[in-house]
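**Q** Letter by letter, the chains look like this.
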Amino acid sequence: MDEILKIEHLNKKFDDLTVLEDISLEVKKGEVVVVVGPSGCGKSTFLRCINGLETIQDGKILLDGETVNPPLGNIKNYREKIGMVFQSYDLFPHKTIIENLMLAPLKVQKRNKVEVRKEAEELLEKVGLSSKKDNYPRQLSGGQKQRVAIVRALIMHPEVLLFDEVTAALDPEMVREVLDVIMELARQNRTMLIVTHEMAFAKAVADRVIFMDGGVIVEDTDPKSFFENPATERAKKFLSTFEYNE
Amino acid sequence: MGIEVIFKGRNLIRLMEGLLVAMKISLLSVVISIVLGIILGMLMTLKKPGITFISRIYLEIVRIMPQMVLLFIVYFGFAKMTGINLSAEASAVIVFSFWGTAEMADLVRGCMASIPKIQYESSTALGFTRLQTYVHVIIPQIIRRLIPLSINLITRMIKTTSLVMMIGIVEVLKVGQQIIEANRKSAPNAAFGVFAVIFLLYFLACWPISHFSKYLEKKWEN
Amino acid sequence: MDVEVIKSYLPNFIKAFFLTIKIGWIGIALAFIIGIVCAFILYFKVPVFSGFVKGYVELFRNTPLLVQLFFIYYGLPAIGVKIPAELCGILGLGLLGGSYMAESFRSGLEAVPVIQTESALSLGMTRRQLFIYVILPQAFSISVPAIVANIIFLLKETSVFSAISLMDLMFTAKDYIGLYYNTFESLFLLVIFYIVMLLPVSFAGSIIERKCSF
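Protein chains in written order, with the numbering used here: chain A, 2 to 247; chain B, 213 to 434; chain C, 12 to 225.
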C-alpha cells in the first residue's frame, strides 16, 4: 500500500511553548489511525496542523507527495482533499441541513447542483437523516448534528478524514450513533485520523494506535498490543485512568 | 475661524456653566431613574399579570415616543391641564426620569433573568434562606452587570439633555447662540468656532464616562 | 379637545409627517451604508482608515444629534459650507446612525464563533467565500436586534429637526401651540403621528428579530 499522508519532523510552538515536538508519521491509503493521549498532549493541535488551521514552525506535511504546510499559500486546494470534523457546533446555523451539505461542493468545487443534491440526499439516507434535510441545525440533537458534519466532510470526496474528538461534547446516549457512522467508513477503507477518548471504540476501529504525551509520539503500534500490552510506563498510566476498580 | 470668540471675556466659563446646567439635570434624572428603575425592574420579575401588562405598555411608550414629544406633553400639556406652570427644568427632570426609569427597569429585569436558575437552586441546597440567597448570591452578581449599564445611561442622559434648549432652558447650546448673537458684528463667523467647541465639550463630557463603563463591563465579565 | 381644530390642523400635520418620514428613512439608509462600510474597515483592520473610523464612531456616539445638527447647519456656513436644511437633517441622521450601525455590525461580525471560520476553511473555502457565505449572513442575524433598536432610535431622533427650521412634526406642533394655544389638539396629533410612524416599526422589528434568530 502507498502512503497518502506524510508528516516529517513537525514542530509547533505557541509563542515560547512547544506543543508538538519532532512528530513524524506516515499514513497509508485506507489506514485508520487513532490518536490517543491525555488532555493537552497536543493531539488536537496535531490534526489542526495537518489541515493548515495552525502554522507550523518546523517540518513538513505532505499529501500525495506534495507539501501542504508550509507554506499555507495554496492550502485551500488541499483542504478539499482533507475533510475535518470538529468537536461540535460547527454546522452553519443559518443554513438548512441540505444547504449545509451543498454549500462547499457548489462554491468550492463548482459542481453541478443537481448532482450534488442527489449525492447529499443519498448520504443523508445512509446516516438515517433524510427526514431532517430541510431542518435547521438547531432543530437537531447533538448526535444528529455530528452525523451531518461527517456527511458534510464526506461529500467533498476527501482523500483523508480527520476527526477531532467528535463525540466529546455529546451526551453519552448519542455517542454510539456517531461512532457507528465512523465505523462504517472504516469498513469502506477510508483513510482516517481519529482523535478520541473512547477507548473501546479506538480499539475496535483502529488499524494503528498513536499514543501522544507532552507533544511527542510515545508509542506507534497496533491496537492489540497497545491496549493489552503497552510498551511504556506512560501508556500504562494513561490506560489505567480509564479503568475503574474498587 | 471664529474660535477666538470663545476666549473673549467670560465666554468659555459661560459655556461651561451651560454644560453644568445640562449635567445637573441629567445627574438628578439618573439618580431618580436608578432608584425607581430598580424597584420597577424587581416588580417586573415577579411576573404578576397586572404589573406585567402595565409595565409592557409603559416600556413600549418609552420605546417609541421621542423624549422631545414627552417633553412637550409635560411642559405644555401639564400647564394647560392643571393651570400650574411647571418650570422647564422640572419638566425636563420628570421626562428624563420617566424615560430613564423604563430603561433602567428593563436592564434590571434583563440582568435578573440572566442569572441562571441553578444559582438559586444551589444556594437553596446549601441551606441559604431566600433573603440570604438574594443578599449573598444574586444581588452581588446583578450589581456587577448593572453598574456599567447604569454608567452608560448617564452619558445617554447627558446627550438627551441637549433637548432642553427647545423648551427654553439656557444650557450650553443656548449660551452658544447668545455668544454668537452678541458677537455678530465683531466675529461674523463665530458660529463655526462656538459650535465646534460645544461639539467638543459634549464629547469630552461623555467619552470618558462611556469608556469607563466599557472598561468596567470588560473587567467584570467573569 | 376640539375635533374641528384637529381637522383643520390635519393637512399640515400630514405634510410634516411625510417630511419627517422622508428625512428619517433616507437618513437611516445613509446610516446603513456608512455603518456597513465602517464595520468592514474595522473588521478587516484596514490600515489608516480604521483609525479614522474609530475616531468618527467615538465622536458621533458621544455627542447629541442636536449639537451635530447645529454644527452642520449653523457652524459650517460660517466657513463657507452651506448645506440646505433637509440635506442637513439627512446628513446629521446618517452620520449619527452610521456610528451606531458601525458598532452593531462590527460586534455582529466579531460574534460569529471561530469554529465557523475553521470549519468553512477546512471545507476548502477561500477567505472571500468564507466571508460571503458563512460570516456575513450569521453576523447579520446576530446584529438584527441592534439594528432594529438603532432604527427606532433614529426615527425618534428626527424629533430634533425643528431646531434647524425643518417643518417637521415637532415644528408644526410647536407652531400651533405658540400661535393659537390649542395645546391639547396639537399634542394629540403629535403623539398620534409618532405612534403611526413608530409602532409598526416596533412590531415589525420584533417579528424580524424572531425570524432571524436561529
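Keep in mind that the hints were calculated from the coordinates and are not lab data. Where hints are given, some of them may not hold.
[What the hints assert, rightly or not] Once the Cα atoms are required to be at most 20 Å apart in a straight line, the calculated DMTMM-like pairs of lysine to aspartate or glutamate come out as:
| hint | chain 1 | residue 1 | chain 2 | residue 2 |
| --- | --- | --- | --- | --- |
| 1 | B | Lys-292 | C | Glu-129 |
| 2 | B | Lys-386 | B | Glu-216 |
| 3 | B | Lys-292 | C | Asp-186 |
| 4 | A | Lys-82 | C | Asp-186 |
| 5 | A | Lys-82 | A | Asp-65 |
| 6 | C | Lys-222 | A | Glu-100 |
[Unchecked claim] Simulated DEER-style distance windows between Cβ atoms:
| hint | chain 1 | residue 1 | chain 2 | residue 2 | range |
| --- | --- | --- | --- | --- | --- |
| 7 | C | Arg-221 | A | Lys-238 | 46 to 56 Å |
| 8 | A | Pro-173 | C | Pro-124 | 23 to 33 Å |
| 9 | A | Pro-173 | B | Val-243 | 51 to 61 Å |
For every residue, glycine included, the Cβ atom is placed at its ideal position computed from N, Cα and C.
**Q** Determine for every hint whether it applies to the structure shown.
**A** Checked hints:
The hinted pair formed by Lys-292/B and Glu-129/C fails the criterion: a straight-line CA distance of about 65 Å is larger than 20 Å. Between Lys-386/B and Glu-216/B the CA atoms are separated by roughly 19 Å; this keeps the pair inside 20 Å, and the hint holds. Among the hinted pairs, Lys-292/B with Asp-186/C is consistent with the structure: their alpha-carbon atoms are about 16 Å apart, no more than 20 Å. Restraint check for Lys-82/A and Asp-186/C: not satisfied, since their Cα atoms lie roughly 72 Å apart, outside the 20 Å limit.
Between Lys-82/A and Asp-65/A, the direct Cα distance comes to roughly 10 Å. Compliance with the 20 Å bound is thereby established for this hinted pair. At most 20 Å may separate the alpha-carbon atoms for a hinted pair to count; Lys-222/C and Glu-100/A meet this at roughly 18 Å. Separated by about 53 Å at the C-beta atoms, Arg-221/C and Lys-238/A satisfy the suggested range of 46 to 56 Å. Roughly 25 Å separates the CB atoms of Pro-173/A and Pro-124/C, a value that falls within the hinted 23 to 33 Å.
Checked against the given bound of 51 to 61 Å, the beta carbons of Pro-173/A and Val-243/B, roughly 53 Å apart, stay inside it.
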